[in-house]
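> As they're listed, the protein sequences go chains A and B. With our numbering, you'll find the first sequence wraps up at 687, consecutive numbering, no jumps. With our numbering, you'll find the second sequence wraps up at 687, consecutive numbering, no jumps.
Heads up, none of these hints are tricks.
Pulled a few chain B residues facing chain A out of the computed Cβ check, cut under 7 Å: (1) 356; (2) 387; (3) 390; (4) 408; (5) 410; (6) 456.
In short, the hints are calculated from the structure, not lab data. Here a beta-carbon is modelled for each residue, glycine too, at the ideal position from N, C-alpha and C.
Protein chains: 2
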Amino acid sequence: MNFFPAVDPARKSASTYYDESLQLVELAEELGFAHVRTGEHYGSACGGYSPDPVVFLTAAAAQTRRIRLVAGVAVSPFAHPVQIAARLALLDNLSHGRLDAGFVHGNPRSGLFGVPAPDSAAPVEETVEACIALWSGEEVRFEGDVYRFGPVTGFPLPCQRPHPPVFVEGAADAGSCARAGARGRHLQLSPVPGGGRQAQRMTGAYRAAWRTAGHRGEGRVQIAYTCYLGADREVALAAARAGEDHCARLTAGAGTGAGTGAFRADVRRPLPAASGATAHDHDGYGYGGGYDFDRALAGHQVLAGTPDDVRAQIETIRAWYGSGSCLSLQFNPGHLPYGRAVRAMELFAAEVAPAFTHSPAPAPASAGTAGAAAAGTAGGGPAVASAAAA
Amino acid sequence: MNFFPAVDPARKSASTYYDESLQLVELAEELGFAHVRTGEHYGSACGGYSPDPVVFLTAAAAQTRRIRLVAGVAVSPFAHPVQIAARLALLDNLSHGRLDAGFVHGNPRSGLFGVPAPDSAAPVEETVEACIALWSGEEVRFEGDVYRFGPVTGFPLPCQRPHPPVFVEGAADAGSCARAGARGRHLQLSPVPGGGRQAQRMTGAYRAAWRTAGHRGEGRVQIAYTCYLGADREVALAAARAGEDHCARLTAGAGTGAGTGAFRADVRRPLPAASGATAHDHDGYGYGGGYDFDRALAGHQVLAGTPDDVRAQIETIRAWYGSGSCLSLQFNPGHLPYGRAVRAMELFAAEVAPAFTHSPAPAPASAGTAGAAAAGTAGGGPAVASAAAA
Numbered sequence: 298m299n300f301f302p303a304v305d306p307a308r309k310s311a312s313t314y315y316d317e318s319l320q321l322v323e324l325a326e327e328l329g330f331a332h333v334r335t336g337e338h339y340g341s342a343c344g345g346y347s348p349d350p351v352v353f354l355t356a357a358a359a360q361t362r363r364i365r366l367v368a369g370v371a372v373s374p375f376a377h378p379v380q381i382a383a384r385l386a387l388l389d390n391l392s393h394g395r396l397d398a399g400f401v402h403g404n405p406r407s408g409l410f411g412v413p414a415p416d417s418a419a420p421v422e423e424t425v426e427a428c429i430a431l432w433s434g435e436e437v438r439f440e441g442d443v444y445r446f447g448p449v450t451g452f453p454l455p456c457q458r459p460h461p462p463v464f465v466e467g468a469a470d471a472g473s474c475a476r477a478g479a480r481g482r483h484l485q486l487s488p489v490p491g492g493g494r495q496a497q498r499m500t501g502a503y504r505a506a507w508r509t510a511g512h513r514g515e516g517r518v519q520i521a522y523t524c525y526l527g528a529d530r531e532v533a534l535a536a537a538r539a540g541e542d543h544c545a546r547l548t549a550g551a552g553t554g555a556g557t558g559a560f561r562a563d564v565r566r567p568l569p570a571a572s573g574a575t576a577h578d579h580d581g582y583g584y585g586g587g588y589d590f591d592r593a594l595a596g597h598q599v600l601a602g603t604p605d606d607v608r609a610q611i612e613t614i615r616a617w618y619g620s621g622s623c624l625s626l627q628f629n630p631g632h633l634p635y636g637r638a639v640r641a642m643e644l645f646a647a648e649v650a651p652a653f654t655h656s657p658a659p660a661p662a663s664a665g666t667a668g669a670a671a672a673g674t675a676g677g678g679p680a681v682a683s684a685a686a687a
Numbered sequence: 298m299n300f301f302p303a304v305d306p307a308r309k310s311a312s313t314y315y316d317e318s319l320q321l322v323e324l325a326e327e328l329g330f331a332h333v334r335t336g337e338h339y340g341s342a343c344g345g346y347s348p349d350p351v352v353f354l355t356a357a358a359a360q361t362r363r364i365r366l367v368a369g370v371a372v373s374p375f376a377h378p379v380q381i382a383a384r385l386a387l388l389d390n391l392s393h394g395r396l397d398a399g400f401v402h403g404n405p406r407s408g409l410f411g412v413p414a415p416d417s418a419a420p421v422e423e424t425v426e427a428c429i430a431l432w433s434g435e436e437v438r439f440e441g442d443v444y445r446f447g448p449v450t451g452f453p454l455p456c457q458r459p460h461p462p463v464f465v466e467g468a469a470d471a472g473s474c475a476r477a478g479a480r481g482r483h484l485q486l487s488p489v490p491g492g493g494r495q496a497q498r499m500t501g502a503y504r505a506a507w508r509t510a511g512h513r514g515e516g517r518v519q520i521a522y523t524c525y526l527g528a529d530r531e532v533a534l535a536a537a538r539a540g541e542d543h544c545a546r547l548t549a550g551a552g553t554g555a556g557t558g559a560f561r562a563d564v565r566r567p568l569p570a571a572s573g574a575t576a577h578d579h580d581g582y583g584y585g586g587g588y589d590f591d592r593a594l595a596g597h598q599v600l601a602g603t604p605d606d607v608r609a610q611i612e613t614i615r616a617w618y619g620s621g622s623c624l625s626l627q628f629n630p631g632h633l634p635y636g637r638a639v640r641a642m643e644l645f646a647a648e649v650a651p652a653f654t655h656s657p658a659p660a661p662a663s664a665g666t667a668g669a670a671a672a673g674t675a676g677g678g679p680a681v682a683s684a685a686a687a
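So that you can see chain A by itself, here it is in the shape it has in the complex:
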C-alpha cells in the first residue's frame, strides 16, 4: 500500500489525514498486504502532508507487527548520508527489522530551499554507498564526488544485518534500470509512459544487469499505482475520473503557480501514455497539460473499475513487468472519503489479490532476495500478499 497525499488542507486537515491513513495501515496489516510505502515532499498540496517517510512509517510501525515499511527518502542538498543512514537505522530498530530503504532523487523546485537541486543521479548512488558503509559499524572515511566526510562510525546500526533491503527509483529508461540492477539495488518504478514494450525493456535490462553482476536471488521491482476499486463500475470510474482530475488540477497549480515551491521526491502518479513525459518530468506528476483519464486507463497507467476489471488490468501489468515484481497501490488518493478507501481495500483483498497470491517462500529475512518483503514476513499474518502482482 502506497500513500501519496494529494490533499488540499481546506478540505481535509493534516491530523484527519494522518488518523485515517494510520487506520488504513492497520487495515492493510489485517488484510495481509505486504508493505506500506510513502515518500518525501514539501511545500504544496501535492504530497506536502508527507514531508518525512521515516516519521510517518515510525507511527505505522508502532501499530503493526508484520507489514514491511518502505521509505522513499529524498536525496537533496539538505540531507547528509550520515543523517539518512542514522534515521533509517533508527526506524529499522523501532520496527524490529521491517524497513525497506528507498532512495529517491530529490528535485526541489526553484525557491523551495533557495539553493539549486543536485542535477545528476550521482548523489543517490553516493548516498546509498555511504549509508551501506555507515551501516557496517566500521569506521568510515568517505571520498565521493559529492560527499567527503569521516572518519565517522555510524550510530545506531540497523536491526537487519548487514543492512535493510535497498531500493532506488528507476527513471523511465532502460539504462537507469540496468545501472540499478548492476549495483544490486531493488527497483521502484512508476507506470511507464511507453506502456508494455517500454516496461519490458526496462525490467529486462534490470534483470539482465542483476544477473550479469552476479547478485544473489532476483532484484525486486515495485510499481506504484493508484487503484479506484468498487463493486459498481460506473461509480468506481466516476470516482477515478474525479480523483485523477483533482490531482491534475493540484499538480498544475503546484507546477505553474508563481513558485509554490513544491518539492517532489518520488514520482508515483501515473504518467500519460503518449505525453512524452518521463518519470522525471517534475512539472506535472505526469498530469501536466496533457492528462487524459480515458487514455491513462486504456494505457494501464491507473487501475480502476470492478474487481474483474482490475484483475484483468493487473494481468496485463504482470505480463509487462514479469515475476519478482510487486504493486504498491494507493487506495486513498486526494479527497476520496475514508470509508470508500476501506471498502476498496477490503474488496481488493477479497476479490483481486487471491488471483495473484503466491505461497510464502521459506523466509529469508534479509536483503537481496526476491519476494523477501512478502515472504519473510508472512508468518504472523494471512498468506495473502495482496499487492503482489507476480
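Assemble the complex: chain A is given as a structure, and chain B must be docked to it using the hints.
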C-alpha cells in the same frame, strides 16, 4: 523525563535501548510525568542512539495519550527550515498537539559531515523565525542572513495554533538567556558551571527580558539533570559514580579519538562546577579531563541519593531557578539496568515529586504560558507533574 543515550553498542544493542526507553515512556505517562524529551546526535556512543528526536518521539507518541513531547532539533548545515518546520508539524499532528519544539545549535565535530559547522547562534534564531512563518499557513518569502528561500507555503500546518511552544537552548551566560526571553522563547538549560549565583543571573535576565518585551504569561525554563535515585544511599551513589565515570570515559573517547566525528546538538550532561567549561564546551560534555563526581554532586550538577537527598537537592535548585522552572530528568543514563531505572522513576513519583507538585492551572493548551506543558495536559492523568521543580 529526558533521554540521552550514552550507550556503548557492545553492551546494549540499539533495539534493546529503544524497547527499554519506550517502556520507560509508558511508565512516565502512568506516573504522571509532564514530558519526554530527547535530542539529536550522530557518530559516537555519546548520543548516537538518538539521531532524530522527531522519530523517537513519534514512537513515544504512539503509545501515550497525554505526556508532552519535547524535541531538541539540531540546527546544522544539513537541516533546512522548510524541512524542520514540516517534520515538527508532522509530529505535532501525529501526537494530536503534544509537541514542544526545541531548537538547538548543532556543532558537528570536524569530519562528521565534511563541512564546517555554522559558527554563530544566528542560524538557530533564523530557523525558529522561519519555522514560525511556515507554520502560519501563509506564503512565505524568507530573507535571512543564512537562509533565503520562497515563496513557499508550509505543509502540513501544526496541530497547535498558531504553533507549538518554542524552546531554545540557553548558553551559560545571562546575555543568551536575555535574548531568548526578549524573543518570547522558552528556555532549555543544563546545570550551570557557576552554581546558584550564575543560575539566578541567567534566569533573572531571562524573565526580565521576557517581561520587558511584553510577552504574555511567563517563560518556561527547563533544566536537564541526570538522577540516580535509590532507597539505599550507598548503592545509589555507587551507581551514580559508575554511571558518571562511564559517561566521562565515553565522552573523552569521542572528544579526543582521531576524529570519531561525534556530533552533539544538545548539552544535557552536568558541567563541572569549576572547570571553566561553558554549556557550549563541545569537547567534553562537561566531562572532559576535570570531571570529578564528588564535586559535581556537591555543586548540584547531578542528582543522586535517597529520596530525602534528592528532595533536598531539588529544593536548592528550585531556589536557584525560580518559579516557572521545571526539571527534565534522565533516569536511564549509560548502561544502568532497565529495572533500576524503573525503580528510580517509581520512587521519584512516590517520594520526591509530591513535595513539588503544583495544582494544575485551568489548562491553556497553547504557547506562551508558564506551566502549560504540565497544566494543559493533566486532565487525562494523575495530577502529579513529577518533574516540576516549582
